[in-house]
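As they're listed, the protein sequences go chains A and B. With this note's numbering, letter number 140 in the first sequence gets 174, and the count goes up by one each step, no holes. With this note's numbering, letter number 135 in the second sequence gets 179, and the count goes up by one each step, no holes.
These are computed hints drawn from the structure, not numbers from a lab. Note that the coordinates shown come from a computational prediction; the quantities given were computed from them, not determined experimentally. Possibly wrong hints are sitting among the right ones.
Simulated pairs of lysine to aspartate or glutamate, EDC-like, Cα-Cα distance not exceeding 16 Å [said to hold, decoys possible]:
hint, chain 1, residue 1, chain 2, residue 2
1, A, 54, A, 41
2, A, 107, B, 266
3, B, 274, A, 41
4, A, 295, A, 259
5, A, 224, A, 104
6, B, 94, B, 76
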Amino acid sequence: MVRLYTEDLSIGYGERLIVKELSVQIPDQQITTIIGPNGCGKSTLLKAITRIISHQSGSVVLDGKSVTKENTKQLAKKMAILPQTPESAVGLTVGELVSYGRFPYQTGFGRLTTKDYEVIDWALQVTGTHEFKYFPVDALSGGQRQRVWIAMALAQETEIIFLDEPTTYLDMAHQLEVLELLQKLNKEEKRTIVMVLHDLNQAARFADNIIALKDGQIVKAGSCEKVITKKVLQDVFQIDAEIGMDPRTNKPMCITYNLLKGE
Amino acid sequence: MKSSIRFSIKFMIGLSILFAMFIVAMGFGAAETSIQDVWNALFSNLKSDKINILREIRFPREVGAVVVGAALAVSGAIMQGITRNPLADPGLLGLTSGANAALAVTLAILPATNYLGITIACFIGAAIGAIMVFSIGTLKKGGFSPLRIVLAGAAVSAFLYAIAEGVGIYFKISKDVSMWTAGGLIGTNWLQLNIIIPFVCVGILVALLLSRHLTILSLNEEVAVGLGQKTGQVKTILFIVIILLAGASVALVGNMAFIGLMVPHIVRAIVGTDYRAIIPMSVIAGAILMLVADTLGRTINIPYETPVAAIIAIMGLPFFLLVVRKGGVAFQ
Numbered sequence: 035m036v037r038l039y040t041e042d043l044s045i046g047y048g049e050r051l052i053v054k055e056l057s058v059q060i061p062d063q064q065i066t067t068i069i070g071p072n073g074c075g076k077s078t079l080l081k082a083i084t085r086i087i088s089h090q091s092g093s094v095v096l097d098g099k100s101v102t103k104e105n106t107k108q109l110a111k112k113m114a115i116l117p118q119t120p121e122s123a124v125g126l127t128v129g130e131l132v133s134y135g136r137f138p139y140q141t142g143f144g145r146l147t148t149k150d151y152e153v154i155d156w157a158l159q160v161t162g163t164h165e166f167k168y169f170p171v172d173a174l175s176g177g178q179r180q181r182v183w184i185a186m187a188l189a190q191e192t193e194i195i196f197l198d199e200p201t202t203y204l205d206m207a208h209q210l211e212v213l214e215l216l217q218k219l220n221k222e223e224k225r226t227i228v229m230v231l232h233d234l235n236q237a238a239r240f241a242d243n244i245i246a247l248k249d250g251q252i253v254k255a256g257s258c259e260k261v262i263t264k265k266v267l268q269d270v271f272q273i274d275a276e277i278g279m280d281p282r283t284n285k286p287m288c289i290t291y292n293l294l295k296g297e
Numbered sequence: 045m046k047s048s049i050r051f052s053i054k055f056m057i058g059l060s061i062l063f064a065m066f067i068v069a070m071g072f073g074a075a076e077t078s079i080q081d082v083w084n085a086l087f088s089n090l091k092s093d094k095i096n097i098l099r100e101i102r103f104p105r106e107v108g109a110v111v112v113g114a115a116l117a118v119s120g121a122i123m124q125g126i127t128r129n130p131l132a133d134p135g136l137l138g139l140t141s142g143a144n145a146a147l148a149v150t151l152a153i154l155p156a157t158n159y160l161g162i163t164i165a166c167f168i169g170a171a172i173g174a175i176m177v178f179s180i181g182t183l184k185k186g187g188f189s190p191l192r193i194v195l196a197g198a199a200v201s202a203f204l205y206a207i208a209e210g211v212g213i214y215f216k217i218s219k220d221v222s223m224w225t226a227g228g229l230i231g232t233n234w235l236q237l238n239i240i241i242p243f244v245c246v247g248i249l250v251a252l253l254l255s256r257h258l259t260i261l262s263l264n265e266e267v268a269v270g271l272g273q274k275t276g277q278v279k280t281i282l283f284i285v286i287i288l289l290a291g292a293s294v295a296l297v298g299n300m301a302f303i304g305l306m307v308p309h310i311v312r313a314i315v316g317t318d319y320r321a322i323i324p325m326s327v328i329a330g331a332i333l334m335l336v337a338d339t340l341g342r343t344i345n346i347p348y349e350t351p352v353a354a355i356i357a358i359m360g361l362p363f364f365l366l367v368v369r370k371g372g373v374a375f376q
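Build the full structure now, drawing on both the sequences and the hints.
The following block contains the structure:
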C-alpha cells in the first residue's frame with residue numbers, strides 16, 4: 035500500500051485543464067522523477083500534490099487522507115517542497131534560512147528548541163553547507179545556494195521531499211552534486227524523493243521510478259527500463275532516440291536523438 | 045545562536061539611543077528648559093511653569109512622535125515584506141491619501157465627530173486607498189510588479205488627494221482639513237494619544253507575533269505554503285495591521301511620507317533581512333527618526349516651527365532615489 039497517490043486528478047481553470055484525470059502512485063522510499071516537454075503540466079502536478087495550488091477535481095491522498103482536508107501545518111511535517119528557483123533571500127544568513135525549515139514545529143514567537151538546533155545542524159552537515167552558516171545566502175554560488183535550500187527542506191524532517199527542477203542553472207558538476215546528495219538521502223535516510231527533471235539521462239540514472247507526462251496525461255509510468263524507450267520518447271518528446279545502456283550504472287540512456295520529421 | 049545574541053545587543057543599544065533621544069527632544073524647544081526640568085517633569089511630582097510646559101505640551105508631543113514613527117516604520121516593513129517590493133510605503137501605496145480623503149469627507153459630513161470617529165474614518169479610508177492601489181496594480185496578469193504598484197499608488201494618491209481638496213473647497217473646510225493633514229505633531233494631546241496608542245500597540249504586537257510568517261512570505265509564497273503557512277489568513281491579518289498603523293498615524297499627524305520607506309531599509313542594513321529582527325528594530329529606529337525630525341523642526345528656526353513632514357521629506361527623497369538606483373537594496 036503506497037502512502038501517496040492521486041486519483042482522477044484534474045488541475046486547471048474552467049475549460050482549460052492543464053492536468054487531466056491523472057491517477058498515479060508515488061512509491062515509498064524511492065526516487066521518482068517526472069519528465070515531459072515544456073508546458074506538459076509537470077510543475078503543475080507537483081504543486082497540486084503539495085497543495086500549493088488547488089485542483090479542480092479528483093484527489094491527492096496521503097496516508098489515507100486528502101491533502102486539501104489535512105491541516106496544512108501537519109502536512110508540512112510530512113512533506114517538504116522546494117519550488118523552482120526560489121528568490122535569493124537577500125541578506126538572510128544560511129543558518130537563518132535553514133532554521134525556517136523548523137517553521138511547522140513552532141508556535142507563538144517561535145523560539146528554537148535544542149531539538150530544533152540539532153536538526154538544523156544536521157541538515158547543514160549533511161548538505162555540506164555548515165561552513166557557510168553565518169554567510170548571507172546571496173553571497174554563495176548557485177550550487178551552494180541550492181544545497182542550502184535543500185538543507186531548509188531537510189530541516190523540515192519530512193519523509194517525502196518534492197523538488198521542482200533542482201538542477202536548473204547549475205553547471206554539470208553542481209547538478210551531479212545536488213542529485214548525488216538526494217540519492218544519498220534516499221539510500222541512507224529512506225526519504226521518498228519526487229522531482230521534476232529536464233535531463234532524461236539524469237532522470238534515468240537517479241530515479242527508481244519515472245513518470246512521463248504529455249499534455250497533462252501520463253504516457254508511461256514505471257521503472258526506468260519501461261519508460262526510457264524509443265516508443266515513449268517518440269510519443270512524449272517527438273524525438274527519434276537511440277537508447278543504449280549506461281556502462282557505469284547499467285541504466286538505460288539516450289545516446290543520441292533527432293527531431294521526428296513530418297508531424 | 046550567535047546572531048541572536050548579537051541582535052539583543054543591537055536592540056539594547058537602539059533602546060538606549062531612543063531613551064537618550066527622547067530626553068534630548070524633551071529638552072530642546074521654543075521654551076528654554078534644562079535637563080533638570082526634563083527629569084523633574086518625567087520622574088517627579090514637582091510643579092512649575094516650565095515643568096508644566098514639558099508635561100502638558102512637549103511630553104505628549106514626543107510620545108506622539110515615538111508612536112507615529114514606530115507605527116509608520118512597522119507598517120512600511122510589513123508592506124515591503126508582503127509585496128516583496130522595496131519601494132512599499134503607506135504614503136506611496138494609497139493608505140495615507142485614502143485616510144486623508146476619509147478625514148476630509150468626515151469633517152464635511154459630520155463636523156461634530158469626536159476623535160475616535162475620525163480615527164475610525166482614517167482606518168476605513170486607508171483600507172479603501174490600499175485596496176484601490178492593489179486592485180489596480182494587480183489587474184493585469186503577473187500582478188505585484190514593483191513598478192506597476194508604485195505607478196498605481198501615485199495615480200490613486202493623486203486622485204484621493206484631489207477628492208480631499210475638492211471636499212475641502214466645496215464645503216469651505218479647507219483650513220480645517222489642512223490643520224489635520226499638515227499639522228504634524230503640533231497640538232498632540234493625551235486625549236488623542238489615549239485613543240491612538242492602543243491601536244498602535246495591538247498592531248505592533250500582532251506584527252511581532254507574525255514576524256516569522258512575514259519572513260517566509262517575503263522569501264517566496266510557495267515556500268511559505270510548503271512550510272505549512274495559511275498564507276491567505278496571514279496576509280489578511282497583516283493587511284489589517286497595516287491599515288491600523290497607517291490609519292492611526294494619519295489620525296494623529298496627517299501626511300508623513302517616507303518614514304515607512306526609509307526605516308526598514310536602514311534597519312535591514314543593521315540586522316539583516318529576518319523580520320523577527322526587522323520588526324522590533326523598526327519600532328525603535330522609526331521612533332528615533334521621528335524624534336530627531338521633530339526636534340529639528342522645533343529648533344532650526346525658533347520661534348517658528350518647520351513642519352516635520354517637510355524635514356522627513358527632505359531626508360527621504362534622496363533616500364528614495366538611492367533605493368531606486370540600487371534596485372531596491374540600500375546599504376549593501
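**Item:** 16 Å Cα cutoff - pair residue 274 (chain B), residue 41 (chain A)
**Value:** Not OK: residue 274 (chain B) and residue 41 (chain A) at ~25 Å, beyond 16 Å, violated.
**Satisfaction of hint between residue 41 (chain A) and residue 54 (chain A), Cα-Cα up to 16 Å** = 11 Å, holds
**Prompt:** Are the Cα atoms of residue 295 (chain A) and residue 259 (chain A) separated by 16 Å or less?
**Reply:** Given that 16 Å is the threshold and the Cα spacing comes to 26 Å, the pair is violated.
**Asked** Taking 16 Å as the top limit, are the C-alpha atoms of residue 107 (chain A) and residue 266 (chain B) close enough?
**Response** 14 Å, holds
**Item:** Pair hint residue 94 (chain B) and residue 76 (chain B), alpha-carbon separation not exceeding 16 Å
**Value:** Measuring from Cα to Cα gives roughly 8 Å; hence the hint holds.
**Prompt:** Are the Cα atoms of residue 224 (chain A) and residue 104 (chain A) separated by 16 Å or less?
**Reply:** Not satisfied, since the Cα-Cα distance of roughly 24 Å exceeds 16 Å.
This entry does not satisfy hints 3, 4 and 5, going by the numbered hints stated previously.
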